[in-house]
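Peer 1: These protein sequences, in sequence, are chains Z and G.
Using our numbering, the first residue of the first sequence is number 1, and each one after it goes up by one.
Using our numbering, the first residue of the second sequence is number 1001, and each one after it goes up by one.
Keep in mind the hints are simulated off the structure, nothing from the lab.
This structure is a prediction, so every number in the text was calculated from the model and none was measured.
Just so you know, nobody snuck in bad clues.
Here are the in silico distance ranges between beta carbons for each label pair:
# : chain 1 : residue 1 : chain 2 : residue 2 : range
1 : Z       : Tyr276    : G       : Val1199   : 24 to 30 Å
2 : Z       : Gly108    : G       : Val1199   : 44 to 50 Å
3 : G       : Tyr1023   : Z       : Ser110    : 34 to 40 Å
The calculated lysine-lysine pairs, modelled on DSS-like cross-linking and capped at a C-alpha distance of 27 Å, are:
# : chain 1 : residue 1 : chain 2 : residue 2
4 : G       : Lys1411   : G       : Lys1485
5 : Z       : Lys304    : G       : Lys1136
6 : Z       : Lys304    : G       : Lys1042
7 : G       : Lys1003   : Z       : Lys140
8 : G       : Lys1074   : G       : Lys1092
Beta carbons: idealized from backbone N, C-alpha and C, even for Gly.
Given next are the chains, with one letter for each unit.
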Amino acid sequence: MLGSKGTKFDWPTIFIYIALVVIGWVNIYSASYNTTSTAFFDFSQVYVKQLVWISLSLILIPFILTVEAKFYERFSSIIYIISLISLVGLFVLGKNVNGATSWYFLGGFSIQPSEFAKAATALALAKYVSDIQTDLKSFKDQIKSLIIVFLPALIIIPQPDPGSALVYVALIFPLYREGLHFIYLLLSFIIAALFVATLAFGTFWVSLGILIIIAIIYFKNYKKKQSVFKYGFIALACIGFSISVNFIFENVLEQRHRDRFNIVLGKEVDTKSIGYNTNQSEIAIGSGGWTGKGWLQGTQTKGKFVPEQDTDYIFSTVGEEWGFLGSIGVVLLFITLIIRLLILAERQKSQFSRVYGYSVSAILFFHFFINIGMVSGLLPTIGIPLPFFSYGGSGLWGFTILLFIFIRLDASNYINR
Amino acid sequence: MRKYLFLLIVISTGILISARLFYLQVYDTSAQISSQNNAIKKIYDFPQRGFIFDRNRKLLVSNQPSYDVMVIPKNTEALNPNLKQEFCDLLKITLEDYDRILEKAIAYSPRLPSVVVPQFTKDEYAYLSEKMWKYKGFYIQKRALRDYQVSNSANVFGYIAEVNQSIIKKNPYYLMGDLIGKSGIEMEYEEVLRGEKGVKYLQMDRFNRKIGPYKEGIYDTIPINGKDITLTIDAVLQEYGERLLINKRGGIVALEPTTGEILALITAPNYDPKLLVGRERSKNFTKLWYDTISRPLFDRVLQGEYPPGSPFKSLTALIGMQEGVINSSEKISCYNGYNYGGKKMLGCHPHDTPLTMIGGIANSCNSYFCTIYKRSIEKYPSPQEGIDNWKKHLESFGLGNYIGYDLPPGKKGLIPSSEFYNRWYKYPKYKWYATATISNAIGQGEVILTPMQMVNFTAAIANKGWYYKPHILKKISNIDTISSKYTKRYNTTIDAQYFEPVIEGMFDVYNEGTAKYIQIPGIEICGKTGTAENFTKIDGKRVQLTDHSIFIAFAPKDNPKIAIAVIVENGYWGSRWAGRIAGLMIEKYLKGKITRKDMEAYVLNGSLLEEYEKPYSGKTFNINY
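Model the full assembly from the supplied sequences, consistent with the hints where possible.
Peer 2: And the structure:
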């Protein structure tokens, strides 16, 4: 049954998917294997578990691809609601792992619903935006679509899992593509910049900077005789935001979150406690040189210097054992995948498919950028996995479902044409 | 625009990340070093230091295991007060010591090992090793320490000590806590004796536990043991000489004239080499180092510079004959001294007069040697040329410069040049003549020599005009491996024929001259006594001390087997101490036993400690006018 429709699936995307999963597993093997364990199929070993998850994904894929494309569109709202319920249910039934209540335990398995919620949200967003009655120029619909996007994030934040929540910002991009005013993107950028600047330099200097910049703009546009109050309001809003960020940072965030930001902003130089992860990760990647130390030869990986190396920090293994060339190879695979999805999305006839494809591309991009940015010390430590690479069944399944629903949608688009 | 913004962001992000990776992996190499530091640990295997034997293959120095408590500061945890107290008690240090040592270790390097307390014995180690698990970051490093089989020869062996920062900087082989030869043989032959450390690379995990060899040990090396060396020293003679010098200050050095091999190299006071091994080492070393009065760490044979006194007259005679200003049969008169201009007199003791050369040497007549010295200088148009020619002859005996033996270089001594006197007398403003330097004739004046230089010219006389450079290494790993420097014959500027009368004179010194009291049945010794004036400063004033007792000799006369120079500081007459000691040493070496028991008892029981107290006690000095 696959065979007859198989030719219409976008094989380049599938190949990249397979490549990433295989390379990911090879690196998980290196990061987790234990010289003392002799049995290859030792089910306590992370790489064996991941192999099981990969096999299950391969079984899952045909099911995703055989379901009618219309099904995803029609049932998107229900899938979204089920997903929200599963997230809310965590507050009652969830298990706490590493300080975050993000998991259900079913028998021997643990499931992280936030990994599946991404696909559900993308479907719901695509459905809402493609609705003939939805007009992204209207403020009401703008707010509605933003609610769809950020409702799961709001439930995830207090688990607390700010990393997973942050990914939902990615969905601003498909909305922009579909006509959301540029101001939202700009606002997101300004908010992010103010946020980081406040933490890095303090409210006083940020406020001073805002006043200077706004004053310059005002005097440049002086001839237009604009109201001085408008500028004053913008300045006050920015300063107010900066103050509240400072307040939230000091009074609402937990110390561990504060620490995470402080390291990346260069406020902490203690390599032994807080900055340890990033520092060790940079050492591991940096020590790879041009061509790396070879598979299973990474001294940092063997010594388990980088914490969580088989999950969030898996890229440091790539960096150490495969060097600059290997790392660039993986980066290229990701960038190619993201751009390929973008191209596919653009060629969709149905708006639903296009919005969904764009969402997939944006979500993968966010994961990719935040994860590698974190591992290489460019961005704050935000614990989110590298798609298809990081160890974890929910993650792998979540991304597989996310990606293959789009491959299915794309195939039906092809048929219609 | 809406279509391409996201694409643009994706592409620029890809470039940004690639640039970051390029920076981390290719441009900035510091991570490679950090990786080496925290994931791979080097464990050193210390080689056995080579043993030291004497010329008869008697073992002098071997090794014993020793255990240093080491620390890698970054692996330590703050100890609670009880545990810290307990640890300090174990290490036998105070809490303040502990803090100070740790501070120093951190200053050196938080990642590299530093010594906390060195040199525990095997028994202490057994006890310590059971408790070490309690103290994270501390461990015990086994090393080899010296085990001295004899209580003498400390100056010959030298000592080994922990390397200091400047050595570590200069030579990357050495790491904190490593040992290095700091003087004597241990320093001179450090690279032969030391061997090469072996290195094992271990893969460590983030808790600093070893999880196996790094790359299956392909980079590991095994230690190469140091090579054993055989010295030219005769341990029996060395030990005997040190005994003879007890309660005296001075030096004895004996050579085999035909080879230049050093048979004995004795300085007194000396110390037991065992003092500089083990836990008490630094305490003992400090004590020796700060003994600035008797200076036990000062090697008087190599570093002590003395006016040679009368033994130098034999050189004056040789130069005179070579320059043709005297022959051995010319008689020269002595009027109780030598008048060298106006009413200036250089005194002499009563003896027959006039004398030929043999008599002159045997009676050590000052007038005789002043006369021929003056003639040697004045043979040349200017005193400058005369002095420089004289110096040239002396330099051919290895005087006035480093001889080049295989021991730490010691001192050069001084043979003055024309330039020296020009500066001294402010030439050309003031002129100077041979008589201004007349004291050189009799080995006083400006001439100073180390005992090693004295024995070297003695050996050259014994050989009638040539010598091999003195050396102390005979074999490495029981194979003859002497540097070509020591198999090259150095000829003096004096023709062989001129040595005969000097040797006869030196023989008469022993037969009927100033050293006739030390005669040993059956041994023909040629010698020359010396009673050398010397000065010091007491409370800023130049004060003349009791004369040094000096003796040079070789024996047997016709087939020299040993040449010797002895100096006993402030021992007064040359024959009193130095002569007796030289006689005993020669008999010991040639016969293996002592027949002059009276002489031996005199020396062994004699003490000059009261003499050495004089600068402090205020008693008067004996001076040979």
